[in-house]
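Respectively, the protein sequence lines represent chains X and A. Sequential numbering of the first sequence, starting at 3, is according to our numbering. Sequential numbering of the second sequence, starting at 637, is according to our numbering.
Any given hint might turn out to be false.
Restricting the straight-line Cα-Cα distance to at most 20 Å, the calculated cross-link-like pairs of lysine to any residue (SDA-like) are [said to hold, decoys possible]:
# : chain 1 : residue 1 : chain 2 : residue 2
1 : A       : K864      : X       : Q17
2 : A       : K1069     : X       : Q17
3 : A       : K1238     : A       : E1167
One-sided and incomplete, this derived list gives chain X residues near chain A with beta-carbon spacing under 7 Å [what the hints assert, rightly or not]:
# : residue
4 : K16
5 : Q17
6 : T19
Hints in this document: simulated from the structure, not taken from any laboratory. Even for Gly, the Cβ is constructed at its ideal location relative to N, Cα and C.
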Amino acid sequence: MDFEPGDLVEIKTKQGTYRGVLMPKHIFSGDDIIIIKLENGYNIGIKKDDSFSMKLISKAESKKMIKKIKDHKKGLKVSVLGTGGTIASYVDYRTGAVKPAVSQEELLLAIPEIGDKYDIRSRNLFSIFSENMDVEHWKIIAKEVEKEFNDSSGIIIPHGTDTMSYTASALSFMLQNLPGPIVMVGAQRSSDRPSSDAYLNLLASLKLMETDLGEVVVTMHGTTSDSIVYAHRGVKVRKMHTSRRDAFRSINTRPIAEIGENVKFISDYRKKSGPIIPKIAMDERAILLYYYPNMDRDILYDIGSRVHGIIIAGTGLGHVSQNIIPVIRDLVRDGVFIGITSQCIYGSVNLNVYATGREMIRAGAVPLYDMLPEVAYVKMMWAMANFSNVKEIMTKNIAGEISERRVGLDYV
Amino acid sequence: MFKAGLEIHQQLDTKKLFCSCESYLSDNVQGEFRRTLRPVQSEMGEYDAAAMMESVRKRTFKYQITENSCLVEMDEEPPHEVNKEALEIAIEVSLMFHCKIVDEIHFMRKLVIDGSNTSGFQRTALVGINGYIDTEFGRISIPTVCLEEEAARKIEEREGQAVYRLDRLGIPLIEITTGADMKDPSEVKKIAQIIGYVLRSTGKVKRGLGSIRQDLNVSIDTTRVEVKGVSRLSLIDKIVKYEMERQNMLIELAKEISNRKISTDKFKIEDITDILKNSESKIIRNGISKGGRVLGIALPGFKGLLKSDKFRLGRELADVVRVLGIPGIFHSDELPNYGISAEEVNKIKDFFKLKDNDAFLMLVSDPDKAKEGLKYIIERIKAAKNGVVPETRGPKDDGTTEFLRPLPGKERMYPETDVPPIQIDSNILAKIKNSLPKSYDEKVNEIMNEYNLSKQQAEQIINESMEDKFKKLFSIYDDGNAIFRTLFNTIPELESSGMDVEKITMDILEKIFQALRQNEIVKEAIPFILEDFLRTGNIDFKKFKVLDEHDLEEIIKSIIKLNENLLNKENIEAVLMGKIMKEVKGRAEGSKVNEMLKALIKKEEK
């Protein structure tokens, strides 16, 4: 007989008889282990021994969410484009499996505060964890966002947090002259947890929809408390902690807005304008390299000769070893763009201070100011696909990715 | 028929269950943060009843960070691997209760949204199943032994906010559940004592106030009521008695509702603020001035059911809204009173068009909360026709209990996906099996034989966890009865006479038994020495030095002389013995005194 998760079964082993609901196998479970949920709600793993037998008591019942979000047809028009990630993770209570997707309806239903204020149109573009996000996904999102703006005042994009800042950067360059805010939102604790940060972050995202913001921002918890949420400029934000709610930090600048009861703008921002100017082509022959002592020049040359552009996260002010500089010279001569950022993350690169830096410039490396390495990588793909004067575009501030000033209070 | 079961929670003396923080209570608050928790719905779109009730309160939670809490307790980092030592203790305890050890252990998340867990759930795993203990009352089943996380410590509860400290969160707990097999409060107590011993016998559990907590399940029909957190065993009798009365009352109440043919289908919530806007009642006046409304419902046929000699539904209803943060209700069985006049009561009765046998109730709070409160009250009234309601209650100091929340359902359990399943290594299992501590009965026998004591004495030593003290003192002076009398008679007597026996440390006791061993004193001196010590703060064995034969004889003689009238009477020996011992103040052995007294009386009587 075929058993499937959710079936009520009776299992007999030498140890005794157990009755419970069959659960899906855990990836770390032993090979000969069957997992069931007992009447008291606990899961246990039972080892198949010589006298193991399993009997079906009743088949799994299939139940579906019946509630649907009401079509208000009043209030501010907002589009929610789901992509997956922790914010959309849900446990299947029947089988106990963690599902990577929850409908946007479910998510929004869980926020009664929404009330009648917004007319939400929501759909899932895909259901993936963000580490699986690639350039093709960015393009799809950009196209869908452009479409949604035809009939929405703003767009909310729930997204996995791991690469959320990459997607935010991509959208910042691909779509300019925004007619409203594009708000990327994530969660560090999944939505099926009572302590999830998803609700507060989503609520803050909705509040942003009512403003005149015309940028791509990332909205995440500002502190470990459930108090304020920051809206970070999409090209100035970085995930700085693996697990904290306030993992996202604006680097070398302050966040754009602080959102508590209301939205309070705390930095300059671009106001909405439109119509949207889409430039969504990307040259994927690009790499992002983290410089380290003893980096092999031959390997660098091999990699470099296969791409059109390299972003190097150098040490300190942006340095690589003397040893590498000839390779840079050769690659640049062959037409490869080489941009320099710093693995210090905070602060700006400056290749004029030390001899190594000056030689790097002479070899053709391009210092990229205080642009974050990941942002530079995304921007370079975009610049190489849409412009011939890559160096000029890379050193010009397009979407706020380069700050001219860094002030004392903006560090960590 | 009365049935009771126990759930015992014991803190383990290891590091925390899912991180490397130390397990102790701390007063070193280094920072704080605030959170809210939301009920999460199951996939079927259903919410846990207990969670929903909590969410009505809309509380925020403030958490205090201590040096023994980290990102795990803050719910800012996934749990680390389970603490191996704690797991092994749980296995050891399971085996001592003859449980089968689960082949593969899976941690679960048990939804708790009262703020006591930053995550909104408690991590818990079933380790042992289908065990038992044999006692003189018969076999008591131990269906489950679980290993779980302790909750955060509540520091303060204010309106709309609860303050918790993270020091306690994550301390490993063993939860032992018995079957509802016990038929008598004394049986419950005995089982609790045996379980307490088994836990202590591992040598790895925390001691002291709050480190062990008992939940009591009491039912007289088929409905289970859980009384949470009975920390004192001495309360068990009272709680059982009270709960039986309460549950009997509810069963009678259900019958009465049916006899009176009362319909509980429909109740209409009415705003009666206007009637009471000039009320003398402080609670009403304050409530209204803060923007609250007085909402009430008519209760046709309920007169005398809310409060009378036989029925106390009113208290049950007040309990339900107290949990929502509404301090109380007013109902017609208690009115006029509390500043509410007869005139106002009549106006309300007129408003509701009440007849003689009808009742009403009302409460004051902010409009949303008041409405929500009445909704819960209506649900509770509807449930009254079914008798006892399954729920979680809390004990009060006087042995009564109060409603805490609905009994949470099994829907609130789901897998802790951050902790991988654990298979127990058969070598480790065998090692634990081969080095299990002695069972309760074995330990009782051992103590009886070793110290030459009765079974009852041996049990008392174990139940009060005095084994170690006893052993130490016995190694100094090998008279089990003298040690037993000192620990279980003398010291409690001194305590009940109002003295601070906390001062009697092991050091003091050891000194005394050393003196005994060296014949500086005799054991009759112990109560006098201890009393003297508690009065003066000093131990002076010289005061209690054994009298020489001559001095003793003088004392005995003088007392015989004072009581010459008793000579040749039957009870003379017993009466004089008492008087002499009082005079001797422990400076002679009783047997010696008795011997001399006998001889001297004989002499005199001749």
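Now the hints, each set against the structure:
1. For the hint linking K864 of chain A to Q17 of chain X, the alpha-carbon distance of about 33 Å lies beyond 20 Å, and the restraint is violated.
2. Only pairs whose Cα atoms come within 20 Å are accepted, and K1069 of chain A paired with Q17 of chain X is accepted, the gap being roughly 17 Å.
3. Proposed proximity of K1238 of chain A and E1167 of chain A is contradicted: the alpha carbons are some 35 Å apart, above 20 Å.
4. The interface hint given for K16 of chain X is broken, as the beta carbon of that residue sits about 10 Å from the closest beta carbon of chain A, more than 7 Å.
5. The restraint placing Q17 of chain X at the interface with chain A holds, with a minimum CB-CB distance near 5 Å, inside the 7 Å limit.
6. With a least beta-carbon distance of about 10 Å to chain A, the hint placing T19 of chain X at the interface is violated under the 7 Å criterion.
Violated hints, listed in ascending order, are 1, 3, 4 and 6; each of the other numbered hints is respected by the structure.
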